[in-house]
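Peer 1: Chain by chain, the residues:
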Amino acid sequence: MTRLTINNQNYELPLKGHETLLEVLRDHLGLTGTKTACEEAECGACTVMINGQAVLSCIVLACDAEGDQILTIEGLSSGEKLDPVQEAFLEKGAVQCGFCTPGMIMSAKALLDNNPAPTDEEIKNAIDGNICRCAGYLKIQEAIRYAGELMQEKPQGHKDIL
Amino acid sequence: MLLNPLTHHSPVTLPEACRIKVSLERSEILAGGTFLINRLKLLKKKGLQTPLNIISLKKVAGLSGIYAKEGVVIIKALTTIRQILDSKLIALHLPVLKDISSKIGTSQIRNMATVGGNLTCRYPWTEMPAVMIALGAKLHFSTERQEQLVSAEDFFKNEARSPGILESVSIPLVSNQRASYVRCKKTLHLDIPLLAACVTAEIKAGRFQNTRVTINRGTAFPVCLEEMESLLNGQPAQHRVIEHALAQMNPKTFDASTDDYKIHMYKVSVRQALTDII
Chain B
896 MTRLTINNQN
906 YELPLKGHET
916 LLEVLRDHLG
926 LTGTKTACEE
936 AECGACTVMI
946 NGQAVLSCIV
956 LACDAEGDQI
966 LTIEGLSSGE
976 KLDPVQEAFL
986 EKGAVQCGFC
996 TPGMIMSAKA
1006 LLDNNPAPTD
1016 EEIKNAIDGN
1026 ICRCAGYLKI
1036 QEAIRYAGEL
1046 MQEKPQGHKD
1056 IL
Chain L
2 MLLNPLTHHS
12 PVTLPEACRI
22 KVSLERSEIL
32 AGGTFLINRL
42 KLLKKKGLQT
52 PLNIISLKKV
62 AGLSGIYAKE
72 GVVIIKALTT
82 IRQILDSKLI
92 ALHLPVLKDI
102 SSKIGTSQIR
112 NMATVGGNLT
122 CRYPWTEMPA
132 VMIALGAKLH
142 FSTERQEQLV
152 SAEDFFKNEA
162 RSPGILESVS
172 IPLVSNQRAS
182 YVRCKKTLHL
192 DIPLLAACVT
202 AEIKAGRFQN
212 TRVTINRGTA
222 FPVCLEEMES
232 LLNGQPAQHR
242 VIEHALAQMN
252 PKTFDASTDD
262 YKIHMYKVSV
272 RQALTDII
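Read top to bottom, the protein sequences are chains B and L.
Count along the first sequence starting at 1, add 895, and that's the number in my numbering.
Count along the second sequence starting at 1, add 1, and that's the number in my numbering.
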């Protein structure tokens, strides 16, 4: 049996060894928020976080992730309460078809958890492995910047109303 | 099912990993997985034979980290490209490694890919080999019975055939050594380089000393341009010397099997790298 910790929940799975983490998430556990697209580590749609870092689940053997802390898009929100990165993507209109969005958000979250005030260059580097065919990236970058502001609880351009 | 059935092994020591490797048929080593897993998918798609056993090094203690000891920087084989990028030691002593690490793959790939994998994957176009040769690095391999030390130059002359499991890379620190890495990409968007050049040298009394010029040929393993090195060493570190040396080079020394454009770009890259260090 393989023990995986995903979104702070422990799972014991009868894996054979050849399953990728992406297959386990989607096919075994029904966590379909992480998307299957190229399956060749090129598009970023399958991005999840392992131990705080953004990785491509289509090239991770699930057995190899035993003992790691795995975070998927489903693990960001808490009930109805969205993660600031999710809020920012919605508020800034950074979603069109939405297919790249889970992967984009996970890459953004990995960046912002370590650096909530990234430069534009750092934002571009953080999502350089996530392809979007719809949105043209500007809104996505704006959303990531805004998410950082939300995380710092001091959004620029906002005034406190006392 | 993306991959053919296989058995996943998780040894906790390097000797155990070596023992498993020699005792099992059709076994491969798994480091970061950024090359191996895609290769397994491709082999399956083409209906070709795939490994029956994957030996993951993830749980083997002591295979990750960067430190300096007695004038040498040691990079353990499972150190990720991200760790090299973030390392203050590398930024201080071997900035050329930080430079090329920033060019490897994408953000996610850099989080997963390892130095060991980049050196031993046997894809000739990867970034680390040319730089490690130019830096005079040595590769430390472990086998079931012993350790083996191979210079990076000899390792790639032997077409990157690993005598065991790579444990670490050691790079001598040379005071006043300058280094530059210049790569030429096929397209702006494709990450794999068409070719690259890495140059290291000391400039003493305004002259080239201990110059190493290594080229990454993309389609074959990197080589040192010994002829170029001989033409530079002892000469003034000046543009006219660089141009004279390039003009003396037999174009086929760069790459016997290629066309005028690529030969031209080899010279452009070597010229740029040499110019960077003077």
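By construction, these hints were calculated from the structure, which means they are not laboratory data.
Note that the coordinates shown come from a computational prediction; the quantities given were computed from them, not determined experimentally.
Take the hints with a grain of salt, since some may be wrong.
[Said to hold, decoys possible] The calculated lysine-lysine pairs, modelled on DSSO-like cross-linking and capped at a C-alpha distance of 27 Å, are:
{"hint": "1", "chain 1": "L", "residue 1": "K45", "chain 2": "L", "residue 2": "K22"}
{"hint": "2", "chain 1": "L", "residue 1": "K42", "chain 2": "B", "residue 2": "K911"}
{"hint": "3", "chain 1": "L", "residue 1": "K187", "chain 2": "B", "residue 2": "K911"}
{"hint": "4", "chain 1": "B", "residue 1": "K987", "chain 2": "L", "residue 2": "K187"}
{"hint": "5", "chain 1": "L", "residue 1": "K45", "chain 2": "B", "residue 2": "K987"}
{"hint": "6", "chain 1": "B", "residue 1": "K911", "chain 2": "L", "residue 2": "K60"}
{"hint": "7", "chain 1": "B", "residue 1": "K1019", "chain 2": "L", "residue 2": "K187"}
[As the list claims (entries may be wrong)] Heads up, incomplete: computed chain B residues facing chain L, CB under 8 Å, no partners named:
{"hint": "8", "residue": "E918"}
{"hint": "9", "residue": "H923"}
{"hint": "10", "residue": "L924"}
{"hint": "11", "residue": "T927"}
{"hint": "12", "residue": "C958"}
{"hint": "13", "residue": "D1008"}
{"hint": "14", "residue": "A1012"}
{"hint": "15", "residue": "D1023"}
{"hint": "16", "residue": "L1033"}
[Stated by the list, open to error] Simulated coverage check for chain L against chain B, where a stretch passes if three residues somewhere in it have a Cβ under 8 Å from a Cβ of chain B:
{"hint": "17", "segment": "37-45"}
{"hint": "18", "segment": "110-124"}
{"hint": "19", "segment": "127-139"}
{"hint": "20", "segment": "169-179"}
Think of the CB as a built atom: it goes at the ideal place given N, C-alpha and C, for glycine as much as any other residue.
Peer 1: Straight-line Cα separation of B:K987 and L:K187 no greater than 27 Å?
Peer 2: 36 Å, violated
Peer 1: Would the pair L:K187 and B:K911 pass a check requiring their Cα atoms to be no farther apart than 27 Å?
Peer 2: 40 Å, violated
Peer 1: Go through the hint on B:T927 and say holds or violated, using the shortest Cβ distance to chain L against 8 Å.
Peer 2: Violated. Min distance 16 Å.
Peer 1: Hint B:L1033 vs chain L: min CB-CB distance below 8 Å?
Peer 2: 18 Å, violated
Peer 1: What's the verdict on B:K1019 and L:K187, does the C-alpha distance respect the 27 Å limit or exceed it?
Peer 2: 22 Å, holds
Peer 1: Under 8 Å, Cβ to Cβ, is where B:D1023 needs to be relative to chain L, so tell me if that hint holds or is violated.
Peer 2: 5 Å, holds
Peer 1: Between L:K45 and B:K987, is the straight-line Cα distance small enough, at 27 Å or below?
Peer 2: 42 Å, violated
Peer 1: Run the distance test for L:K42 versus B:K911: straight-line Cα separation, threshold 27 Å.
Peer 2: Holds - the C-alpha atoms of B:K911 and L:K42 are around 16 Å apart, at most 27 Å.
Peer 1: Verify this for me: three or more residues of the segment 169-179 of chain L with a beta carbon less than 8 Å from a beta carbon of chain B.
Peer 2: With 0 residues closer than 8 Å to chain B, the segment 169-179 of chain L misses the three-residue bar; violated.
Peer 1: Closer than 8 Å, Cβ to Cβ, for at least three residues: run that test on the segment 110-124 of chain L against chain B and report holds or violated.
Peer 2: Since 3 is at least three, the answer is holds.
Peer 1: Given B:A1012 as an interface hint, is the shortest Cβ-Cβ distance to chain L below 8 Å?
Peer 2: 18 Å, violated
Peer 1: Starting from B:K911, check that the Cα of L:K60 is at most 27 Å away, please.
Peer 2: Judged against 27 Å, a Cα distance of about 19 Å means the pair holds.
Going down the numbered hints, you'll see the structure goes against 3, 4, 5, 9, 10, 11, 13, 14, 16, 19, 20, while the others check out.
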